[in-house]
Amino acid sequence: MSGHIVPVKIYAAVFGTLIALTLLTTGVAFINLGRFNTVAALAIAVTKMLLVILFFMHVKYSPGLTRLVILAGFFWLAILVAMSLADVLTRGWSPEPAPWSTLLLFSSGLV
Amino acid sequence: MAEMAAHTYAEGTHPPGFAHQFEDLSQQHEAGSLGMWVFLVTEIMFFGGLFACYIIYRSLYLPAFELGSRLLDVRFGAANTVVLIGSSFTMALAIHSAQTGKRKATVNYLLLTMLLGAIFLGVKFTFEWSHDYVEHLIPGFGFEVRPEWGAVGSHAQMFFCFYFFMTGLHALHMVIGFGILAVLAVMASRGRFGPEYYAPLENSGLYWHFVDIVWIFLFPLLYLIGGRYPTGGH
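Chains as they are written, first to last, in this note's numbering: chain A, 1 to 111; chain B, 1 to 234.
Derived from the structure by calculation, the hints contain no laboratory data. Please read these numbers as outputs of a predicted model, since none were measured by experiment. Among the clues, some could well be false.
Claimed, not checked - When the alpha-carbon atoms are kept at most 20 Å apart in a straight line, the in silico SDA-like pairs for lysine to any residue are as follows:
{"id": "1", "chain 1": "A", "residue 1": "LYS60", "chain 2": "B", "residue 2": "GLN28"}
{"id": "2", "chain 1": "B", "residue 1": "LYS104", "chain 2": "A", "residue 2": "PRO7"}
{"id": "3", "chain 1": "B", "residue 1": "LYS124", "chain 2": "B", "residue 2": "HIS173"}
{"id": "4", "chain 1": "A", "residue 1": "LYS60", "chain 2": "B", "residue 2": "TYR207"}
As the list claims (entries may be wrong) - If you want the ones that stay clear, here's a sample from chain B, every Cβ over 10 Å from chain A, calculated:
{"id": "5", "residue": "HIS136"}
{"id": "6", "residue": "ILE138"}
{"id": "7", "residue": "GLY142"}
{"id": "8", "residue": "TRP149"}
{"id": "9", "residue": "VAL175"}
In this text, a Cβ means the ideal position worked out from N, Cα and C, and glycines have one as well.
Chain A extracted, bound-state conformation (with noise of 0.2 Å):
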């Protein structure tokens, strides 16, 4: 014996929940919420993915070192997003600086 062993009701009550989230996540997106469309499209999967990670992956019986590594991963993908969408959205903020030649001339006192 070297695993805990999940009784067969609660993989059975995953599965039910996980098809009703399936349909009920399928229904909200013909129904016009405006921008929560995707704030509830993202809440669901969400709770799908903890779903399936907690009881199908065994990770509600894994030791505390397993969990901190699957955390580390979802953090790194976090910065991942985070910084690059922190780039991309804020590019318009500043105005464009002139190329550098242009900069040299107007320096220089030629122009």
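Put chain B on the given structure of chain A with help from the hints.
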């Protein structure tokens, strides 16, 4: 952490599948599972790069991405989500069967998982991708910008690049998973797994569930958040 007290086995009395560098089966199980998760974290970053790109380009070309999303058939996406979740369920049951010493059930659940995986890929290839080809929606294979798409139409190709790269990479993972399941089914039928040893099943299960999770995000991102409601527009 270890439910059983750490002890060493006497020479020649190792349980099946036990590698002697470990204290006991419990420690071996934890080490194997941790290693598999480290690999899955690299997979998170692998797919994460694509997801990050998708988020950025969607924010830059939102109307074109919503247009592209509405050109996908949500019925196939939803049906495949149900099929894939079902295959995760049968995978979990296969491991459960091995844990409780049911050899025949282990093989059957593995075969059922393979069947559901094959249905997913079948729907993807025959109903979705081949349909996209006929509709000229595959970039690089005669993609056609339709006049009714309007001003944002030329950017719709960007959405379909992401669609085929993301679902293609996911499908590649499914094909690899299918091969792993086939090997496991043969091993299980030869009685290699039981309550004492089922690590290959457990770790392959982690991989299969991970691929399921990727699809759990691809489905809403590609099929659902394109403004499918009748009034449309923003």
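These are the hints, each one checked on the structure:
| no. | hint | in the structure |
| --- | --- | --- |
| 1 | A:LYS60 - B:GLN28 | 19 Å, holds |
| 2 | B:LYS104 - A:PRO7 | 19 Å, holds |
| 3 | B:LYS124 - B:HIS173 | 13 Å, holds |
| 4 | A:LYS60 - B:TYR207 | 17 Å, holds |
| 5 | HIS136 | 25 Å, holds |
| 6 | ILE138 | 24 Å, holds |
| 7 | GLY142 | 29 Å, holds |
| 8 | TRP149 | 21 Å, holds |
| 9 | VAL175 | 21 Å, holds |
Comparing the model with each earlier hint shows no violations; every hint is respected.
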